[in-house]
Structure formats: structure tokens, C-alpha cells
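Read top to bottom, the protein sequences are chains E and U. Terminal number for the first sequence in my numbering: 79, no gaps in between. Terminal number for the second sequence in my numbering: 125, no gaps in between.
It is worth saying that the hints were derived from the structure and are not from the lab. Because the structure is a prediction, the values reported are computed rather than measured. Note that CB positions come from ideal geometry on N, CA and C, so glycine has one too. Misleading hints may appear alongside valid ones.
[To be verified] Label pairs and their calculated CB-CB ranges:
| id | chain 1 | residue 1 | chain 2 | residue 2 | range |
| --- | --- | --- | --- | --- | --- |
| 1 | E | Val36 | U | Glu41 | 22 to 32 Å |
| 2 | U | Lys53 | E | Ile31 | 16 to 26 Å |
| 3 | U | Lys117 | E | Lys38 | 13 to 23 Å |
| 4 | E | Glu26 | U | Asp106 | 47 to 57 Å |
[Said to hold, decoys possible] So these bits of chain U aren't anywhere near chain E, every CB distance computed over 12 Å:
| id | residue |
| --- | --- |
| 5 | Met18 |
| 6 | Asp28 |
| 7 | Gly122 |
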Amino acid sequence: MERVKLKVLIKFLGPIAREDLEVEVDSSIELKEVIKQNVDNEWLEKIAVAVNDKIVSNLDDIKDGDVISLLPPVCGG
Amino acid sequence: MVEIYNGGLPVEEIFNKWYKLKWGGMLLTFVGIVRDDGGINGLSFDIYEPMLNEWFKKWEKRVLMAHSVGNVYVGETSFMCAVYSKHREFKLIEDFVEDFKANAPIWKYDLIDDKRIFADDRAKKLPNAGILV
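Turn these sequences into a full structure, and let the hints steer you where they fit.
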């Protein structure tokens, strides 16, 4: 059976900023792999993730068309 | 909506605008000025506006906020907020600033000779940070 590909947009914010990345993945595991290839290792444990601008506690329910934002630690003011 | 400005905030203009709203009998204003501190010539900021405005919704009936994006030099102002209430309510502005520091999607950099260096020592992880590991 052919697996369904999910097209998602990844945004890299603040100090990890780079061009948005549009990718096709078949699972949240593959999505995490793609992110790891594009973010320095030292950041991974510090980054929070938002899906469609809401912070999530896991990536299990990724859907086609989702926008994934990677949010390093914050400090305004 | 948070009021976002490129560079230092026009403090008097913003204050005058907020003062004219007359939302209540007390207007308590906080003005954050960039200090001459640790050899920096200023600070610089990135903001993710969609999530900043979403976060601010729970405050916007009682709190006003303005923030800079880009470079803000020593002596200039990067952050203003104000609370309106009927009577004095100092705790509200403290609660707001605590939530702001912990959750507003804003990233700060020191400027040393105009070069940006991420303010890692002052940054706080957002909720659920680390799920990528």
C-alpha cells in the first residue's frame, strides 16, 4: 500500500532563523528527522514546537497542510 | 494587538495615546530602557507576531503593550506596557510582566559593535520544550 505523504511547512524562529522549509513526510518520526537535519543539535532540547501557532506536547497528530513553528527559549523586554 | 515598532519606541507618543483612552481611574505604565551594561551598545529583537497576538488576547482588555523589533540602542526604550483599572492594582502589571517574560514569543540579542549575540543566559524555555529530542 502506498503511504500518504503529508506536506508541512516548517518555520525556524529567533536565533535558529532560516528560510521556511516545505517538506513531505509520511510520519511524525520522519518530520522529527527532517527537523534534526536542519537545526543544530545543541538547540533540540531547548526548542518548543507549535502546530498552527499552538504549542503542542507531541507531534503525533500532524496533518497535511500543518505549519510547524520551532520556538527557541524566549526573552522579551 | 501588541503595538510593534521598528527600533526604539516613541515613548511620549505611545504614552499620550494610551493616556487618552481613559479606560479607568488608574493608569500604571512600565517603560523598559536599554541599559549601558556589559559592553553592549544595544539590544535587538525578533518577534513571531501571530503567536504574540494570540498570547496577548487574554490581557488586552486591561493591558496595553508596545515592543520593538530590530535594533534598540542604549538609552532607548524597547518595551512599554500599561495597566488600566478602577483603583490601584500593582499586582496586575507584575503578573502581566511575569507571563510576558515566560511566554511571549520574542527573542533578544545583545548588540556588541552592532553584531547580534543571542541572549542565551536570559532566555526561558517555552512550555513543552524538548519534544524533538
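Hint check, failures only
Hints 2, 4 and 7 not satisfied by this model.
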